[in-house]
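Respectively, the protein sequence lines represent chains A and B. Residues in the first sequence are numbered consecutively from 1, following this note's numbering. Residues in the second sequence are numbered consecutively from 1001, following this note's numbering.
You can take every hint at face value.
Straight-line Cα separation of at most 30 Å, DSS-like style, residue types lysine-lysine; simulated pairs:
| hint | chain 1 | residue 1 | chain 2 | residue 2 |
| --- | --- | --- | --- | --- |
| 1 | A | K24 | A | K44 |
| 2 | B | K1247 | A | K44 |
| 3 | B | K1211 | A | K44 |
| 4 | B | K1247 | B | K1211 |
| 5 | B | K1218 | A | K44 |
| 6 | B | K1263 | A | K44 |
Derived from the structure by calculation, the hints contain no laboratory data.
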Amino acid sequence: MDHLTELENKSIYIIRESYNQFDKIAALWSVGKDSTTLIWLCMKAFFGQVPFPVVYIDTSFHFQEMYDFRDYCVDRWDLDLIVARNDQALAAGMGPENKLECCTALKTQALKDCIAQYGFEALLLGIRRDEHGIRAKERYFSPRDQKFQWDYENQPPELWDQYSARADEETHIRVHPLLHWREVDIWRYIQREGLEVVPLYFAADGMRYRSLGCQSCCAPVASEAATVDEIIAEIETSSIAERAGRAQDKEDAYTMQKLRALGYM
Amino acid sequence: MQPESLSFVLVGHVDHGKSTLIGRLLHDTNSLPDGKMEEIQEAARAEGRELEFGYIVDHLREERERGVTIDTAQTFFSSDTRDYVIIDAPGHKQFIKNMITGASQAEAAVLICSAAEGVQEQTRRHAYVIHMLGLDQVLVLYNKMDMVDYSEERFREVRRELREFLARLGIRPTLEVPISASRGDNVATRSLNMPWYDGPTALTALDKFRKIPPATEKALRFPVQDVYHVDGVELTAGRVESGILRKGQTLRFMPGGRALAVKEIRQYLSEGLPQAEAGECVGLALDGDAPRRGRVGCPADDAPQPTRRFQATIFWLSPLPFEPDRGELTFKCATQEEPCRIAALRRRIDSGTLESLDAEDGRLMETEVGEVLLETDEPVVLESFYDVQELGRFVLLRGHDVVAGGIVTHTAGDAAPAHHETIS
Ligand SMILES: Nc1nc2c(ncn2[C@@H]2O[C@H](COP(=O)(O)OP(=O)(O)O)[C@@H](O)[C@H]2O)c(=O)[nH]1
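Pulled out of the complex, with its shape left as it was, chain A reads as follows (with noise of 0.2 Å):
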């Protein structure tokens, strides 16, 4: 079995074992390419017809590209989509101004409203673990208490495939179906599923987006790759150092660590 189809088969148990435990069950969709991939590996988990509503989290702020894809995938893929959006602070005139604060209410508190809106007892997520330094701690199954908060230091063990379906008070289960995924992997996997992708995601006058958000909050990197392949081709022989080059500043950084505290994913 290849590496991708070894990674592939991993991650649809997980999701199987997810659908299997949990009656109100989501998969959070932010159209990026690590969560297009999650909703695929749920379409193939299930034969073709994902059996939860998959939430996209709107701060009004996204790239018109990132709406028309989740439209165009929701029509072909026939999802149940949810759409979770704080008008009360759009109203107010919340935006990206100050960005923590903005986060927090468009993102954060969007999310633990429709959580307890539609009482979801666990979320499927496309995190993985290279992507953060401190998601190398993270579980497949990875309880949040009443407070969205995550005790890491005391977490349960996960033992060949077990995992603790639930803890006795906390609010949800975050289930990562592609934590052992790497960022090159996501690419290869796309070009040998023919994945479509966000547009945005390759170069356009010798700039291209790495990861997606907010049109305010986003900024493209320098890169050539206007294909898959090119992609592919570009972390592959970058250097280690390049790709870390790319990484946030260090005030951004900051206001991810302050972000996790207050609950974002």
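Using the hints, position chain B with the ligand against chain A.
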């Protein structure tokens, strides 16, 4: 081309040099980002510390604690032949839960033991865990050779002691390399300080680990995970845990033994698969009502006898001890789940020394190992861990918490344990 990727867990007593080794490997394989080394040097100078290789990892870890985004380098590196994932396991006793979680996802283990300090408690405990998890590829690194004047005699002395302990567990190290992680001797480059050693460096020794092939040559076992209805067809979903499943074959679903023919093997977008191998997740169209979750599909002529009483070795993971009169446990193996109890504690072992402890009161404390007789309410389908790992390993839950990991040593309750299964 997808390069091969292999994951190994790095274990050893605290302070024997794990961080230093990781720092050294990252540095010597050029896996540290440009500028990172300078940044770290700068930070060390500012703190008035001498730059050590372990500091690289401390620095990265500290960034990690602060939640600062860092690159993948700390856990991923590449040799000339493949990519590696290091599963780093803290050496402190209280982290044994994390160590086991990490080690259960690894394909091989690297055990580091300081030639200066010699074999210590966590060296032994970690070796025990490696043994219990069935990791049979073990590279032993004897570190800090610079502190013992690169002495061949000292190397042999510590090696003799550790070999003897490992032999009691049935572990034969794949390779044993004397190194100095801080100076770099025999890590990625051959040392001139140990002319008496002519074996491989640590890095070439890693390249000798095999990828573990899926268990295709074993008997077919297909535990049912769930049942889906797709376009009016009932699909029995599951993962082939061992063996090969073929279209047209008749499966017996145990316990119960209902025989059903496999009409079709499906994956999304490939409906008519001729077969599915160990490791593959598939859906089966069967010629009868789908069996429920937890039933195990087996070849009609090679179905195991389900059992309610069996022998096992368990590793207690919870800070709350096992007490015989404190409630029921739940047994989980593959997709099977059954209430169970420990009918007898035959031996209680200190995993750090392998000494037998007093088992009189039937209690088991965190990190202790028990040789037990387990009894489930209803029969379950098992294999000896030494035959089919996938159906020979399990966890025990108390309430919702995983409190122990275990392996089946004998599927019958009364048979005498085979020789290699007990620790002498
Ligand atoms: N002399 C010498 N010291 C070492 C060597 N490897 C590690 N050390 C030192 O041993 C101490 C503990 O090492 P560390 O890597 O933090 O151990 P860990 O707890 O296993 O991660 C540190 O002070 C290291 O500098 C070595 O090969 N030679």
